[in-house]
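**Q** If you read the sequences in order, they're chains A and B.
Heads up, the first sequence is in this note's numbering, so the first residue is 54 and it goes up one at a time.
Heads up, the second sequence is in this note's numbering, so the first residue is 98 and it goes up one at a time.
Keep in mind that the hints were calculated from the coordinates and are not lab data.
Be careful, since some hints might not be right.
Here are a few chain A residues that sit away from chain B, every Cβ distance over 12 Å (derived from the structure) [as the list claims (entries may be wrong)]:
#	residue
1	Arg98
2	Val241
3	Pro275
4	Asp297
5	Pro337
6	Leu338
7	Leu423
8	Lys429
If the Cβ cut is set under 8 Å, some of the chain B residues that face chain A in the computed set are [as the list claims (entries may be wrong)]:
#	residue
9	Ala135
10	Glu136
11	Ala154
12	Lys230
13	Leu246
14	Leu274
15	Leu305
16	Arg318
17	Glu358
18	Ala360
19	Phe362
Being a predicted model, the structure only gives us computed values, none of them experimental.
Just so it is clear, CB atoms sit at the ideal spot from N, CA and C, and this is done for glycine as well.
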Amino acid sequence: MRVMDVSIMAAGPWTAALLGMLGAEVIKVEPPAGDGTRWVAPTQRGMGTNFMSMNVNKRDIVLDFKKAEDRAAALELAATCDIFVQNFRVGVIERLGLDYESVKRVNPNIIYCAISGFGETGPLAKAGCADYIMQAYSGFARLNGAPGETLEAFRFTGFLDLTTASVATEAVLAALLARELGGAGQKVEVSMLEAAMEIETTRIAEYLGGGLIPQPRGSESPGIVPDRAFATLDNEVFVTAHNDAEFAGFCRALERPQLADDARFQTNRLRVANREALFNEVAPLFKARPALWWQRVMRREGVACTQAFQFETFRHHQQVVMNDMIANLATRDWGTVSVAGTPWHFAQTPCAVREPPRPGEDTAAVLAQLAARKEKAGA
Amino acid sequence: MSVLKKIRIVEFADGVPGPLAALRLSDLGADVIKVESAEGDWLRNAAPALPGSEMSAAFFELNRGKRSVVLDEKLTLSALLKIADVFITDRTPEQLAALGVTGIDAEPYAANPKLVRVGISFWGDRGPLRLNKGSELAAQAMAGYTRYLGSREAPACRLGADVACAGTGIFAVQATLAALIARAKSGVGQRVTLSLLNSLLALKSIHLAAQSDPDVYAGPRVGGANYPPERGWKTNDEPIFFAFGGSVGAEGRPGWVKFCEEAGFNRLLDDSRFDKIGRDSTGYGIHVQALRAEYEREFARYSAEELVALIRKHTGNAASYQRADQALVHPQTTALGVVREVAAAGGARGKVRAFPARFSNMQPEIKGVAPKLGEHTQSVSAELSR
Chain A
54 MRVMDVSIMA AGPWTAALLG MLGAEVIKVE PPAGDGTRWV APTQRGMGTN
104 FMSMNVNKRD IVLDFKKAED RAAALELAAT CDIFVQNFRV GVIERLGLDY
154 ESVKRVNPNI IYCAISGFGE TGPLAKAGCA DYIMQAYSGF ARLNGAPGET
204 LEAFRFTGFL DLTTASVATE AVLAALLARE LGGAGQKVEV SMLEAAMEIE
254 TTRIAEYLGG GLIPQPRGSE SPGIVPDRAF ATLDNEVFVT AHNDAEFAGF
304 CRALERPQLA DDARFQTNRL RVANREALFN EVAPLFKARP ALWWQRVMRR
354 EGVACTQAFQ FETFRHHQQV VMNDMIANLA TRDWGTVSVA GTPWHFAQTP
404 CAVREPPRPG EDTAAVLAQL AARKEKAGA
Chain B
98 MSVLKKIRIV EFADGVPGPL AALRLSDLGA DVIKVESAEG DWLRNAAPAL
148 PGSEMSAAFF ELNRGKRSVV LDEKLTLSAL LKIADVFITD RTPEQLAALG
198 VTGIDAEPYA ANPKLVRVGI SFWGDRGPLR LNKGSELAAQ AMAGYTRYLG
248 SREAPACRLG ADVACAGTGI FAVQATLAAL IARAKSGVGQ RVTLSLLNSL
298 LALKSIHLAA QSDPDVYAGP RVGGANYPPE RGWKTNDEPI FFAFGGSVGA
348 EGRPGWVKFC EEAGFNRLLD DSRFDKIGRD STGYGIHVQA LRAEYEREFA
398 RYSAEELVAL IRKHTGNAAS YQRADQALVH PQTTALGVVR EVAAAGGARG
448 KVRAFPARFS NMQPEIKGVA PKLGEHTQSV SAELSR
């Protein structure tokens, strides 16, 4: 499998990176000015860490789409690929001559993945987008915050870009399977808007099916009780009981087994209706002992309970290390950089995360390959 | 065409991740048999319920078009797995062995070598936490997500969206499709494992890299966890978020001056604290906190809609903070056909979201009606004995 990636920033590049992790040969095509993520803060030994994390498992060539010869080379390259990924603003790709119809003409079997902010039709089709814009537009930010507040943005920029890349990869693989089973190539359209709504799925269902206006609930969820953070003698703990059996375990861990039989708390729906009453019963108990204790006893009773972690405390955690959740890549120029491990682990077709390329390092080799191919075809 | 038309999926998973994965594969044409314990998937009992029903709205959204079976002497999991192409489960190999299914984590799976086995856990397939219970909330806390909301002085907040669960569902669809592609060549299935914690760390790749060994302490990817809560800029109605002079191209987007002129914000043009492309004072710029109030003084004369239109006109990015219910009826969302009406139980109609991508050659099939617990036990049993 060969992927041509002419996207920049995050949503497009990580789509191609995921395909690279699955084993495809990915060729990233950068403009002469470079993918802007090379300069996004922070850098590490001069290279944008954003660029490094979004462009693992790729080769890298530089083409200037303003030049006719480079546009021709791009189409020649597209003719040798199975998948094409772009995330230009709607309308721009046609001007570059790399829209689906043009690429299809040289490669009818191509899976052409177009990633946009708001979709390719509709009044906002051409509006600019970014993670924080879609957090605002899609309702994502208005699900966050303390009870009584109306919104809070997730100060973790790029999350919805990576969500979009995940949905795009899902769609590309569906189209690829269809092709492997004898179907033709096709165009796949993915928008940040639809991806954001996919990640909001349960909260949107709460409105579409249940008629509730989705709003911030602090650390609680609308669906199940108990499912929230509790203050303890020291650090907060995050505790969830999904069903009645886990709730009974929760009560035993708190040394209040009788709470499980309390008429107000016998079923999840009752606990949801009486969530304040339950909180008032158990909050003082949590406050009396430290987080460590609650993690021990909740574990014994089969109830989810953890403390909050951060990069420095989870990066060496045995659980993270043993499951290869983080890949520490020794790069040639920029030192060791930590990026995501693969989100899936295949028993028979293992995946790997490989260091990001030096910008443009494969230009000569890829162009020579194209020239040789042309010569062969001409001979 | 439906790419998964001949694919049969056995889903034995509760809550969101496994069911979301099987739902999307169902949209692509697969036949999904949902196996439930006698108590049923806990998501059935979540709040809120569909009007006039005991079934939760989230359960309906994630399980429409599936058949539900409860195992008994006549209908065993082993028998189901013999006729399946894909098995999606959140049960451990030990739990499955207790149900008579051994070797689910062996290669190949002797009872049905073609079977693709997708295993979803909270914390990963190995390691000291392997058998610990987890949850959406616990995964968010452990993956360091809760740090990027609220402030250290206040009680912790979660992301309102179930990002660990839905993210894992999306990755599980990828895993299934990739394994089916490999199977189309090799003829054999394989096991793929995923976890909620792994998914959240994957979706955090930008931040992992940013915190590796940064040259300078700069930008939200290093400092974001310690910023104050971000609630945008107030207007005379809804708050907005906006940004000029993004990182695209060296000169950024040049509209800030014209935007200020047209809006009548000449005061800001003369203020030396504002750079003249708007990069530092908008978005996640370095002077946003210090200068937010200056913008808000001016924005008080405008509605969010007016400002957003004006900013977009001058090449900035902007959106007002909508609630999800408002976003769903916005003309852009309706133009994309995000919401579909399907059959619900008892002849009623229900609204759900369509497949989140568009294909030029395939039309996902958005099915209706989510099953009652064990509704199809007998019919599936009969099908198996045929």
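**Q** Indicate, hint by hint, whether the structure satisfies it.
**A** Taking the hints in turn, this is what the structure says about them:
The beta carbon of A:Arg98 is not kept farther than 12 Å from every beta carbon of chain B, the shortest such distance being approximately 7 Å. Not every C-beta of chain B lies more than 12 Å from that of A:Val241, the closest at about 6 Å, which undercuts listing it as non-interface. Interface exclusion of A:Pro275 from chain B breaks down, the closest Cβ pair being 6 Å apart, not more than 12 Å. Some Cβ of chain B comes within 12 Å of the Cβ of A:Asp297; the nearest lies about 8 Å off, and the non-interface call is violated.
For A:Pro337, the condition that its CB be more than 12 Å from all CB atoms of chain B holds, with the nearest at approximately 15 Å. Against chain B, the non-interface label of A:Leu338 holds: every CB pair exceeds 12 Å, the least being about 17 Å. Listed as a non-interface residue, A:Leu423 keeps its Cβ farther than 12 Å from every Cβ of chain B; the least gap is roughly 27 Å. Against the 12 Å criterion, A:Lys429 stays outside the reach of chain B, whose nearest CB is about 27 Å from its own CB.
Evaluation of the B:Ala135 hint against chain A yields a violated restraint, the C-beta minimum of about 12 Å exceeding 8 Å. The beta carbon of B:Glu136 comes within 7 Å of a beta carbon in chain A, closer than 8 Å, and the hint placing it at the interface holds. Proximity of B:Ala154 to chain A holds as hinted, the smallest CB-CB distance being about 3 Å (cut-off 8 Å). Taking 8 Å as the C-beta contact cut-off toward chain A, the hint placing B:Lys230 at the interface holds, the least distance being around 4 Å.
Contact between B:Leu246 and chain A, as hinted, is supported at the beta carbon level, the nearest pair being about 6 Å apart and thus within 8 Å. A cut of 8 Å between beta carbons decides the hint on B:Leu274: the least distance to chain A is about 4 Å, and the hint holds. For B:Leu305, the shortest C-beta to C-beta distance to chain A is roughly 5 Å, which falls under 8 Å, so the interface hint holds. Interface hint status for B:Arg318: upheld, as the beta-carbon distance to the closest one in chain A is roughly 6 Å, under 8 Å.
Residue-level restraint check for B:Glu358 is violated (minimum Cβ-Cβ distance to chain A is 20 Å; threshold 8 Å). The beta carbon of B:Ala360 is not positioned within 8 Å of any beta carbon in chain A (closest approach about 18 Å), and the interface hint is therefore violated. For B:Phe362, the suggested interface contact is broken, since its CB lies about 20 Å from the closest CB of chain A, more than 8 Å.
Hints 1, 2, 3, 4, 9, 17, 18 and 19 from the earlier list are contradicted by this structure; the remaining hints agree with it.
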